[in-house]
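**Student:** Below are the chains, spelled out letter by letter.
Protein chains: 2
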Amino acid sequence: MGHAFMQLNRLVAFYKTMGDPTRIRIVFLLAKGPLHGQAIAGKLGLTPPTITHHLNKLREINLVYQRRDKNTVYFYLNESVLKHQSGVLAKLADKEEVKKMEEQNSENQKVIENFFTRDGKLKNIPAQRKKKLMVFEHLIKGLKMGKKYEEKELNEYIKQYHEDYATIRREFIINHYMYRENGIYELNPQEMWAKIEG
Amino acid sequence: MGHAFMQLNRLVAFYKTMGDPTRIRIVFLLAKGPLHGQAIAGKLGLTPPTITHHLNKLREINLVYQRRDKNTVYFYLNESVLKHQSGVLAKLADKEEVKKMEEQNSENQKVIENFFTRDGKLKNIPAQRKKKLMVFEHLIKGLKMGKKYEEKELNEYIKQYHEDYATIRREFIINHYMYRENGIYELNPQEMWAKIEG
DNA sequence: TATCTAATTAGATGATAATCGAAATGGGGC
DNA sequence: GCCCCATTTCGATTATCATCTAATTAGATA
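Chains as they are written, first to last, in our numbering: chain A, 1 to 198; chain B, 1 to 198.
Heads up, some of the hints might be wrong.
In this list, chains with the same sequence are indistinguishable; a pair is considered to hold if it fits within one copy or across any two.
Claimed, not checked - Calculated cross-link-like contacts (lysine-lysine; reagent style DSS-like; alpha-carbon spacing at most 30 Å):
#1 K70 <-> K91
#2 K43 <-> K148
#3 K43 <-> K16
#4 K95 <-> K43
#5 K32 <-> K16
#6 K159 <-> K57
#7 K91 <-> K121
#8 K159 <-> K123
#9 K110 <-> K159
#10 K141 <-> K43
#11 K16 <-> K100
#12 K91 <-> K43
#13 K147 <-> K43
#14 K83 <-> K57
#15 K91 <-> K16
#16 K57 <-> K131
#17 K159 <-> K121
#18 K152 <-> K57
Because the hints were derived from the structure by calculation, they are not lab data.
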């Protein structure tokens with residue numbers, strides 16, 4: 001979707017998951033067609049619990065899905081994810097792509113500079129969706145991954161930047177930067193947009 | 001190079017290495033141009049020893065190289081490796097490519113069946129280079145990675161398959177499946193061709 | 001309901017690895 | 001020859017993880 005920010009966590013999770021011989025072999029097997037657990041265990045010479053373990057890892061990064069037939073669970077490869085994630089790093093080998101990313105990065109920075117005062121306050125919430133998201137992504141950088149926030153605590157945090165904490169807090173939820181569970185707010189791990197470089 | 005066999009180890013090493021946030025960030029930094037160690041450490045907020053550690057890992061998979069200027073070492077990204085390794089898994093998302101691999105696999109199997117007797121002896125050494133390599137790759141599967149072989153021991157192993165152990169032993173060296181160091185033979189780690197599936 | 005089978009969970013073990021502070025290395029400049 | 005500086009090595013710490021065996025779940029069949 002052409003963002004100046006990247007989901008570093010997802011990318012890392014993908015590569016970490018693939019950095020295991022057993023899982024690579026499973027992916028090669030599934031590329032030829034779906035298989036059930038015991039078939040995989042048999043072909044690889046490993047026990048069923050081990051296969052379950054690895055299929056869980058592969059499912060966490062959305063690389064496999066499953067369908068049940070009677071007692072047997074068939075596992076399928078999700079090819080689009082494979083293609084997409086492999087592509088991210090490949091782009092770095094392409095000078096043109098790198099230049100594009102840099103431009104987007106500086107575009108982003110310009111937006112941030114435009115909408116924030118020199119001492120870090122948000123002047124106003126951008127009307128344009130793209131810019132609005134850039135601003136939100138900037139704001140959530142000050143929040144800690146995995147930490148649970150009381151609504152009051154979150155309001156205080158947002159108020160550092162802008163009066164209308166209620167609107168912004170709501171936008172965080174709408175755009176899936178955070179989620180709420182009985183009154184407690186937390187960053188959405190899947191949506192941890194992190195600037196990759198220092 | 002269109003082999004039915006893959007360097008599983010190398011592929012896994014690549015993904016394992018990239019499965020770390022610090023190293024991904026280093027790669028993103030270097031994609032924009034070379035940098036020296038302390039610059040990287042500064043940009044990422046880590047200490048120099050940590051950076052050295054990660055650059056070693058990245059060098060092991062050939063993803064970076066370095067050039068020295070006075071006291072400062074500049075690190076460069078090796079783009080072709082990045083492109084190539086990213087491509088391997090991406091191919092699995094493409095039905096056509098998978099079919100090609102399967103065909104090569106079965107072609108390979110046919111060659112093995114043609115040149116070996118039913119009880120596993122090698123009938124003769126193929127004249128055609130491509131087939132010859134397939135046969136050698138089949139033979140070295142019985143050797144252990146990392147183990148050091150006396151010449152006599154290696155001869156014995158080859159003799160299981162074929163009389164002319166001297167020729168075959170020499171071919172192992174010529175084609176870089178093994179290397180020799182003062183009389184001791186060992187599989188070349190870089191050339192451990194492993195069949196990916198069970 | 002009893003039983004079979006495939007899959008999963010739980011728990012244990014052994015191995016690998018990210019990071020840091022402190023110390024060592026090694027080339028450059030004076 | 002001596003000091004400076006970027007880099008590297010060493011050792012310790014802490015955390016993660018692949019794999020197994022044993023036990024459990026749960027759907028299907030009879």
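**Student:** Now look at each hint and say whether the structure bears it out.
**Tutor:** Hints, one by one, checked against the model:
1. K70 <-> K91: Result: close neither inside a copy nor across copies, 43 Å intra and 32 Å inter.
2. K43 <-> K148: between (44 Å within a copy, 29 Å between copies)
3. K43 <-> K16: Both ways: K43 and K16 sit 23 Å apart in one copy and 23 Å across, limit 30 Å.
4. K95 <-> K43: between (42 Å within a copy, 21 Å between copies)
5. K32 <-> K16: both (23 Å within a copy, 24 Å between copies)
6. K159 <-> K57: neither (39 Å within a copy, 44 Å between copies)
7. K91 <-> K121: neither (35 Å within a copy, 48 Å between copies)
8. K159 <-> K123: within (12 Å within a copy, 81 Å between copies)
9. K110 <-> K159: Only inside one copy: K110 and K159 sit 23 Å apart there, 71 Å across copies, limit 30 Å.
10. K141 <-> K43: Close across copies (17 Å), not inside one copy (45 Å); limit 30 Å.
11. K16 <-> K100: This pair counts as both: shortest intra-copy Cα distance 26 Å, inter-copy 27 Å.
12. K91 <-> K43: Classified as between; 22 Å across copies, 34 Å inside a copy.
13. K147 <-> K43: Between copies only: 25 Å across, 42 Å inside.
14. K83 <-> K57: both (18 Å within a copy, 25 Å between copies)
15. K91 <-> K16: Close inside one copy (19 Å) and across copies (19 Å); limit 30 Å.
16. K57 <-> K131: Intra 35 Å, inter 38 Å, cutoff 30 Å: neither.
17. K159 <-> K121: Close inside one copy (9 Å), not across copies (79 Å); limit 30 Å.
18. K152 <-> K57: For K152 and K57, neither the intra-copy (36 Å) nor the inter-copy (45 Å) Cα distance is at most 30 Å.
In this structure, the hints that do not hold are numbers 1, 6, 7, 16 and 18, in rising order.
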